[in-house]
Amino acid sequence: MTLQLQRSFDLEAGLWNITPEGEVDISTASMLRNVLDEAYRENKADIILHFDHLNYMDSTGLGVIIGAYGRMKESGNDIILKNPKENIKKLLRITNLDRLLCPELFE
Amino acid sequence: MTDMMKFSVPGKPEYVGTVRMAVSCLANSVGFDVEAIEDIKVAVSEACTNAVCHRSNDSGDYEVYCELSEDRLVISVVDKAGGYDPGAYSEPHLDCPKEGGLGIYIIKALMDEVEIFTEIGIGTRIQMVKYTR
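Quick note, the sequences are listed as chains E and P, same order.
Heads up, the first sequence is in the working numbering, so the first residue is 892 and it goes up one at a time.
Heads up, the second sequence is in the working numbering, so the first residue is 909 and it goes up one at a time.
Derived by calculation from the structure, the hints in this document are not laboratory data.
Among the clues, some could well be false.
When the alpha-carbon atoms are kept at most 20 Å apart in a straight line, the in silico DMTMM-like pairs for lysine to aspartate or glutamate are as follows [unchecked claim]:
| id | chain 1 | residue 1 | chain 2 | residue 2 |
| --- | --- | --- | --- | --- |
| 1 | E | LYS976 | P | GLU943 |
| 2 | E | LYS976 | E | GLU929 |
| 3 | E | LYS981 | P | ASP1020 |
| 4 | P | LYS1016 | P | ASP993 |
| 5 | E | LYS964 | E | ASP989 |
| 6 | E | LYS976 | E | GLU965 |
| 7 | P | LYS1038 | P | GLU943 |
| 8 | E | LYS976 | P | GLU971 |
| 9 | P | LYS1016 | E | ASP989 |
| 10 | P | LYS1016 | P | GLU922 |
| 11 | E | LYS964 | E | GLU929 |
| 12 | P | LYS1016 | E | GLU929 |
| 13 | P | LYS1038 | P | GLU1027 |
| 14 | P | LYS988 | P | GLU971 |
| 15 | E | LYS981 | P | ASP941 |
| 16 | E | LYS973 | E | GLU912 |
| 17 | P | LYS988 | P | GLU922 |
| 18 | E | LYS981 | P | GLU975 |
| 19 | P | LYS920 | E | GLU914 |
| 20 | P | LYS920 | P | GLU971 |
| 21 | E | LYS980 | E | GLU929 |
| 22 | E | LYS981 | P | GLU922 |
| 23 | E | LYS980 | P | ASP911 |
| 24 | E | LYS980 | P | ASP941 |
| 25 | P | LYS914 | P | GLU971 |
Since this is a predicted model, take the numbers as computed values, not measurements.
Could you put the whole structure together from the sequences, leaning on the hints where they help?
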């Protein structure tokens, strides 16, 4: 089970683009947490998580994202998920986190 | 006729993915559709994550039982992690999400039947059923 993470700061838009590829579960969730924390420490800005190539995520990943969301909201920043696959959309839907984290599903 | 498969799993995070793969292969081989297989993968992972997180020492192995019969797959994840007080568990407040506590809620949402047996000082058994349509 592997997870690869890439992050880059878009100077023009003033936000982070973070792309996880693979699977987020109990063995890889801390990698996601570290990348989100590092990025936000470096530059307090909105974070876009590009989920196009994330094949699997469960509550361990949701927990990391909720934690980051809570810390970022205090400073007025957002964390937004883009292009989640059907299985992850379902997870967001049943936990009611879709409106909070993935507004594109309601556009 | 019922077929039973058993796995004994070291209580370490890195093996949860192995169990997820094995159970999803099994679900696929008996004809569950893609959505049901994804549901089963997440539910099994959540139950294994529970077993791993609640163990008191590194040697806490847990067992995964898969019972296959004509119309259903019954998966039980059984740990010896000391159990918990079910009265202390509360459903997560979805309007006010926090980092933990979503696992059991997600299992109940994804599987057709879920039963949790827990005994303080002993351990927990999470039994989940998915029916083939």
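Unsatisfied constraints (hint numbers, rising): The structure conflicts with hints 2, 6, 8, 10, 12, 13, 18, 21, 22 and 23, although it agrees with all the remaining ones.
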